[in-house]
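Those sequence lines, one after another, are chains A and B.
Position 168 of the first sequence, counted from 1, bears residue number 168 in the numbering used here, the numbering being contiguous throughout.
Position 260 of the second sequence, counted from 1, bears residue number 260 in the numbering used here, the numbering being contiguous throughout.
What the hints contain is simulated information worked out from the structure, not anything from laboratory work.
All C-beta atoms, glycine included, are put in the ideal place defined by N, C-alpha and C.
Take the hints with a grain of salt, since some may be wrong.
[As the list claims (entries may be wrong)] Distance ranges between label pairs, derived from CB positions:
{"hint": "1", "chain 1": "B", "residue 1": "L310", "chain 2": "A", "residue 2": "L147", "range": "33 to 41 angstroms"}
{"hint": "2", "chain 1": "B", "residue 1": "E319", "chain 2": "A", "residue 2": "T75", "range": "50 to 58 angstroms"}
{"hint": "3", "chain 1": "A", "residue 1": "E134", "chain 2": "B", "residue 2": "R242", "range": "53 to 61 angstroms"}
{"hint": "4", "chain 1": "A", "residue 1": "E134", "chain 2": "B", "residue 2": "A25", "range": "36 to 44 angstroms"}
{"hint": "5", "chain 1": "B", "residue 1": "I34", "chain 2": "A", "residue 2": "G152", "range": "41 to 49 angstroms"}
{"hint": "6", "chain 1": "B", "residue 1": "P21", "chain 2": "A", "residue 2": "R131", "range": "32 to 40 angstroms"}
This is what each chain is made of:
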Amino acid sequence: MAVSPTPPAAAAPASAPTPGAAVEAVQLRKDFGPIHAVDGIDMSLPPGSIYGLLGPNGSGKTTLIRLLTGLASATSGTARVLGVAMPSRTNLARIGYMTQSDGIYPELSVWENLTFFAALYGQTDKVDLLRTLELVELDKRTGTPALQLSGGMRRRLSMACALAHHPQVIFLDEPTVGVDPALRVQFWDHFHRLAAGGATLVVSSHVMDEADRCDQLLFIRDGRVLAQGTPAELRQRAGTDNLETAFLSFATQIAGSPAAFAGAAPKETAR
Amino acid sequence: MNPLRVAAVVRRIVAQFRRDPRSLALLYIAPIAIIALLGWVLSSSQTTTAHVAVVNESATPAGSVIATRLQSVLDGQPDIVLDRSVSDDSTARQMLKDKKLDLVVVLPSDFTAQNRKIELLTLGLNATGEASVIPTVQKALLSAVADTAGAVLPTLERSTVYGSPNATTLDSLAPVVVGFFLYFFVFILTGISFLRERIGGTLERLLATPVSRAEIVLGYSLGFGFFATIQVALVLAFVIGRLDVPALGPIPAFGIGLGVHTIGNPLIAYLLVLMLGLGAVSLGIFISTFARTEFQILQFIPIVIVPQGLLGGFFWPIEQLPSLLQPVARILPVTYAIDGLRQVMIAGADLTSPNVLLDLGVLVGIAAVFVALAAATIRREVA
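From just these sequences and the hints, can you work out the full model?
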């Protein structure tokens, strides 16, 4: 029996899951027509940490999260959460997802929204749900229709809906937009408590001032990971104490390298 | 299939509508208002008086005998006012144009005892309205001609297998409007509700939970089924029932409800309408895939709803449609609901009737197809 040589460039679809990785991507790719929204991302994120996905608008952060949650199907490659290949509907019970749009029902009250989403995860413990509302400081507003909440409050309700079932892996797509600074600090404190309890958080943002609160950062641009490391490591590697400058430095390094030109065609950005 | 998740979706839809009284009003008050209007129009349009003249242009004795007899017969008709002042064709035509006459019976100049050609002249602006006088005139003509021949005319009496021969248009339309309104409103409401899920980001959020597409479609069907049940009950009660309110002071006596005579089992009628509604829920979800805004959902009314109203047997029997349109009518769910509802409510058929079973079976089949289509398109990716 002849052994056929495997082309080195071909993605191996049946690669084994990395032991211990909470979130994993293997040569993950998503094309929208000619646009490579996610362009062959490899990553392996161990549990119990907060990972920041940092990149400009249209760099592919949201598409990456949608692939990891199974909401979008990959053009090629594999996405795994807690060792299970996505999309997997049963695995979604262990995942929390706070979308970029609030994703709540404006006619329904705060409590109705929360209990509805929680019930879909099988979470019906009212005392515990009330605790989640206390965390986002909406426990005094249970009867208010979401329509009458301010933008920041809607963001908080959206977060409560994503956390109510105590997921092990939490994807938060720009969670702190419109949330006031004091509450933002509380949110990050809670994120760290969740991570300390073993949860894995993947937080996307396009503002760099939040990046320092993450344990690990992934700089994303044009659907690719430019660099990964702790905030301190990334600063050191770029030789700057400003993360924004560090990002730009990595972006130009990649763009200037011959490898980047191998892809040839100029790329448009996708969301 | 997890019943708790389905129940959560149902509860959410009910809660959403409770907080949206205007949509509820659309669901409950609008059909009753339209049916009441329809009932009012159809019941009062039956008492019209027609202004009729007889013009004798022939010079034969037979002509004048028939003209005289015709005039005396017409004069005795309750809904006809005979105008004896008109004597020539051109005056009669002018009076038709001036709306002083509705119909003119003309005995032309070549009328003889052998050539008994008689013309019925109307204005020709509203064919249906003008034609309503013709049967009375024809009857009068028959007896006028028969009298001259000295023959005795047979008397004709009409009877029907089902219902009453004196059934009004309203009686046969009533079962139909119940089904049609349900289809229309359920389609619009689910279409728009589901579109809001798509554009409001809640569908994305739903699909990130363990809820399955089948559970979403079932939850929607049951949630809207809850409101549709109330709507059908209200509309049926309004169509079948009648409550006469006596005069009170300055308010004259009036009746609520149409009091249409039906003999069928309302539960079987409800079953038919429920299956129709189930299909409409899934059709609404499916159609929302092809719309980006609420306005685009409304654009589907002429495509999805109006053909069903025109072809479904609402106004014309399927058999009278052009042969090319008949197959189209036979794939429309409303066609089967209307046939089934007529069988049940007018003919009193029950579930032992093969006709009703066929209608019900087809409705279940169509609903199943739409449920599958809806479930398949829920996860359509937005590129």
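Practice task
Starting from the hint list further up, note which numbers the structure goes against and sort them upward.
Solution key: none
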